[in-house]
Amino acid sequence: MPLIEIRDLHFYRGDRAIFKGVDLDIYRGKVTAIMGPSGTGKTTLLKLIGGQLLPDQGSIKIDGQDVHQLKHAQLYELRKRMGMLFQSGALLTDISVFDNVAFPLREHTDLPESMIRDLVLMKLQAVGLRNAKDLMPAELSGGMARRVALARAVSLDPMMIMYDEPFTGQDPISMGTLVNLIKRINQSMGLTSIVVSHDLEETMAIADDIYLLSDGRVIERGTPETLQNSSSEWVKQFMKGLPDGPVSFHYPGVGFEDDLLRSKAAK
Amino acid sequence: MRQKKSTEVTVGLFVILGLLALFFLAMKVSNLTSFNDEPGYRVTAEFENVGGLKARSPVTLAGVRIGRVESITLDSDTYSASVVLNLYASFSTLPTDTAASIYTAGLLGEQYIGLEAGAEEEFLKDGDVIELTQPALVLEQVIGQFLFSKAGGNE
Amino acid sequence: MDSIQRLGRWAIGTSERLGRGYLFLMAILAGIPSTLMRFSLVIQQLYSVGVLSVFLILISGLFVGMVLGLQGYYTLVDFGAEESLGVMVALSLVRELGPVVSALLFAGRAGSALTAEIGLMKSTEQLSGMEMMAVDPIRRIITPRFLAGFISLPLLAAIFSAVGIIGGYIVGYGLLGVDDGAFWTQMQTKTDLYADIMNGVIKSVVFGFVVTWIALFEGHDAIPTSEGVGRATTRTVVHSAFAILSLDFVLTALMFGEV
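Chains as they are written, first to last, in our numbering: chain A, 266 to 532; chain C, 1383 to 1537; chain U, 3 to 261.
There could be a bad hint or two in this list.
What the hints assert, rightly or not - Result set (DMTMM-like, lysine to aspartate or glutamate): computed pairs, CA atoms no more than 20 Å apart in a straight line: (1) A:448 - A:490; (2) C:1410 - U:182; (3) A:448 - A:430; (4) A:312 - A:342; (5) A:336 - U:138; (6) A:312 - U:223; (7) A:312 - U:138; (8) C:1410 - U:85; (9) C:1436 - U:194; (10) A:312 - U:127.
Source of the hints: derived by calculation from the structure; they are not laboratory data.
Model the full structure from these sequences, guided by the hints.
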């Protein structure tokens, strides 16, 4: 049974339909990627899974529990088993790197400080930032901040992690480091990872399962190889990064000739 | 997040400072010092007119404060005001023929009850009644009397 | 037609905000029991909200008191009533200026700082991040600050009044030659513990409640951009000022209306 089952998901923001009936399965121990052009609501999907937003229709079940039927206390219990990596890292800016990683441990466990210290050092070691433990978030580069956030996300040894656009805006080295980390942590800790991204190359390198979303629906689903060989025009455009295709280059509206003629006539 | 020791100390100082300020206001600024924890005994007096006398107005003897007005109610049988005085227990040697009058402090000041000791050998106890009372001066009546006497004198 | 539409939209928007503000307040209050168990959070906030405002309050209180002494003297001396300077300074401060001015200063200094802090946490997704770490941001961040503001303001108002009276004394006795004894004894007779001081304290408690609530709400409700946070801080100060002054009127009418 998949760890996460999303069925018939509908979500509207105002009048705009973000999801118009989405079905997703996320399997344990695998890295599942959710990709698509900007604005398809990928971050929204993570918020729906985490229970921060309520769907207008449909259900999301995590480990058999319907997320949105849970009471406040139960939802918070579930969240302790989920880790989330925000695009900006979302570190608490007034405390040090060490305290940030220790935060979930201090809040949710009664472990003595000595044990917490050991755990924090281990997590930081895993992301390669153990010696940065006394820095403040403001002193970190973007890539480093994300790695610290990753260490924090795994500090309670969760069952799953969600990554919101982890590769966006990174230099090649940081990118490579992160890609490597995500894969390694997923395997060594037996996690289930959900990566939301539109960075093709990186995602293809680590994903076991990919969902392509567009216009509120799942367009295609498969392994990296399957998608490469897909016959869908849309998938081809996305995979090859072609400027024009099913997602058109020109903003829809009036034809060019008509527009020019009209402005001439108006004179 | 470990608490810095200095933070806790400064917060403690802040709270102490605030409480000191409150204490200062209560003690040095207000009339708390004239409140007494002394148990008092109650005595009633009836006045034709209490004027501007209020609850908690002072009660004095020879100018020294010996108590306060506890309550003022209307006696519907006698159509006069029934005033309950709460006197400090330390002044328990007031003769039973003590007189109570209503005075005004200064020209525009607040009103208070001034007691004048009598000559009896028995003393007022809790629940007693002061018989001799003089009502407050009502300005209009005084003027009226003055005009009346003037008019009479001119005849 | 257009202006009526706009009025309607404004009214709906405002009622929406009031509704959100009310629900927000309920969430804050619900978090109080668990926050009290982690009192170190409140102490941390008492420091940034209370202790750091003390200097401002001391200086302002001193100057206001001194000005009252000065102005009061010049007015009273015409009636030959300069002995009553103590009464005038004390009552003005304890009943009105203490609670009101310190609340206004608090809203400007601590209130806007709270709004900016919360707004910033919102825009950098720290609040969201906390939720996903199964830590309720209301209980961890908001309620401690609320309690801190609520406790601080009455203390600050008392400090303001106390320092102001001393300031008035310095000017009255030190500079203008008002009689030492008369200053204090008249003040003591005329200032009632319950009617004046207690009411002043009640006022500052009410102000503390309202101003802190406004500051936290505006921060929490801010649009998470730098412009949005900036506007939220302005709103905090403006709304707080309205609230303080209108509540002051209502409270004064209730308390001192028929002494």
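Each hint tested on the structure:
no.	hint	verdict
1	A:448 - A:490	holds (18 Å)
2	C:1410 - U:182	holds (13 Å)
3	A:448 - A:430	holds (15 Å)
4	A:312 - A:342	holds (16 Å)
5	A:336 - U:138	holds (14 Å)
6	A:312 - U:223	holds (19 Å)
7	A:312 - U:138	holds (16 Å)
8	C:1410 - U:85	holds (17 Å)
9	C:1436 - U:194	holds (14 Å)
10	A:312 - U:127	holds (12 Å)
The structure fails none of the hints (numbered hints given earlier).
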